[in-house]
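Novice: What follows is each chain in one-letter form.
2 protein chains.
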Amino acid sequence: MALKYSRQREAIKEFMMSRKDHPTADSVYMHIRDEYPNISLGTVYRNLQLLTELGELQKIRVGDGLDHFDADTSLHYHFYCNECGAVIDMNMDSIKEINDIASKTFDGIIESHNLTFSGICGKCIPKS
Amino acid sequence: MALKYSRQREAIKEFMMSRKDHPTADSVYMHIRDEYPNISLGTVYRNLQLLTELGELQKIRVGDGLDHFDADTSLHYHFYCNECGAVIDMNMDSIKEINDIASKTFDGIIESHNLTFSGICGKCIPKS
DNA sequence: TACAAATCAGTAATGATTACTGAAATTATA
DNA sequence: TATAATTTCAGTAATCATTACTGATTTGTA
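For the protein sequence lines, the chains are W and L, in the order given.
The numbering of the first sequence is the working numbering, which starts it at 1 and goes up by one.
The numbering of the second sequence is the working numbering, which starts it at 1 and goes up by one.
Calculated from the structure, these hints are not laboratory results.
Each hint should be verified, as a subset may be incorrect.
No copy labels: a pair is met if it fits in one copy or bridges any two.
As the list claims (entries may be wrong) - No farther apart than 20 Å at their CA atoms in a straight line, the calculated lysine to aspartate or glutamate pairs in the EDC-like style are these:
id, residue 1, residue 2
1, LYS123, ASP72
2, LYS127, ASP107
3, LYS4, ASP21
4, LYS96, GLU111
5, LYS127, GLU111
6, LYS127, ASP67
7, LYS20, GLU83
8, LYS104, GLU53
9, LYS123, ASP107
10, LYS20, GLU56
11, LYS13, GLU56
12, LYS20, ASP107
Let the sequences and hints guide you as you build the complete structure.
Specialist: Dropping the structure here:
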């Protein structure tokens, strides 16, 4: 039942920590294959899921139907580019009090919130 | 190229307008079958998509991996119950200025934002 | 070193959604 | 009103992301 070390998991973790672009499972798979050509896509999915449960990663859903992952597990917001699909970190302060504000007009327990922006990113503006 | 009337689309539209629980395509399909036993799931998907493009519906993604639809196309927020999966409207005011606030620290064009809360809804608190 | 348990690679299965096809319904026109 | 043109439909097959399964390999421990 105990957690055992695995090179693959370690490689996935290191890759994720080196990234700020919130890769999907498939994107991780493509990159990890440089180092581990035989790694299986299932292994990537399983370890991303495991690392998320361990609190080392955060699963991010920005509305494109794909699961993105982020090694920065602090509360922060994201931007999704409708043009190129990039997921970018927002620098604005997170609004911690918003859960309390929302609670006042809601019958239930609010545990968390997710705020995602979308539009056109800086790189795509010239093209559009 | 012109849009033609269809009973099925009209039925889907009316069903959606009678609902406040943000049904998924499958849920719409199940209900519409009472009236149209032969309707196809593909027809439901196609018309939900079409009605969304026409601006009569709004597609909502609350992070459960399913597409929910809402006949209330105004800007408002939703709550997702981690216990029963219900998607519930929030009564709080929408923060229109938040796009401007976010724009100040972001290089790109922010067109919209999506704010979703999650936790345990009123009906599920007694059980938990 | 040897055993038990976790992890793996490879592959099959799942579930939501989309695409395809020939038939039926709707609209425009004669 | 009949006909032709075009959209929409039902039914089904295909796609895509993700998850589950299986027998072989790794890892931790005695």
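Novice: With reference to the structure, classify each hint as holding or not holding.
Specialist: Hint check:
In this assembly of identical chains, the alpha carbons of LYS123 and ASP72 never lie at most 20 Å apart, being 23 Å within a copy and 33 Å across copies at closest. Taking the shortest alpha-carbon separations for LYS127 and ASP107, only the inter-copy value of 15 Å comes in at or below 20 Å, while the best intra-copy value is 46 Å. Neither within a single protomer nor between protomers do LYS4 and ASP21 lie at most 20 Å apart by alpha-carbon distance, with minima of 28 Å and 44 Å respectively. Proximity of LYS96 to GLU111 under the C-alpha cut-off of 20 Å is restricted to the intra-copy arrangement: shortest distance 11 Å within a copy versus 23 Å between copies.
In this assembly of identical chains, the alpha carbons of LYS127 and GLU111 lie at most 20 Å apart only when taken from different copies (17 Å versus 40 Å within one copy). In this assembly of identical chains, LYS127 and ASP67 lie within 20 Å of each other by CA distance neither inside one copy nor across copies; the values are 27 Å within and 30 Å between. Taking the closest pair of Cα atoms, LYS20 and GLU83 come within 20 Å of each other only inside a single copy of the chain (19 Å); across copies the shortest separation is 32 Å, beyond that limit. Proximity of LYS104 and GLU53 under a CA criterion of 20 Å is satisfied in neither setting, with 30 Å inside one chain copy and 34 Å between copies.
For the identical chains of this complex, LYS123 and ASP107 are inter-copy neighbours only, at 9 Å across copies versus 42 Å inside a copy, given an alpha-carbon limit of 20 Å. Taking the shortest alpha-carbon separations for LYS20 and GLU56, only the intra-copy value of 14 Å comes in at or below 20 Å, while the best inter-copy value is 37 Å. Taking the shortest alpha-carbon separations for LYS13 and GLU56, only the intra-copy value of 8 Å comes in at or below 20 Å, while the best inter-copy value is 44 Å. For the homomeric pair LYS20 and ASP107, the shortest alpha-carbon distance between copies (16 Å) is at most 20 Å, but the shortest distance inside one copy (37 Å) is not.
Hint compliance for this structure: hints 1, 3, 6 and 8 are not met, and every other hint is.
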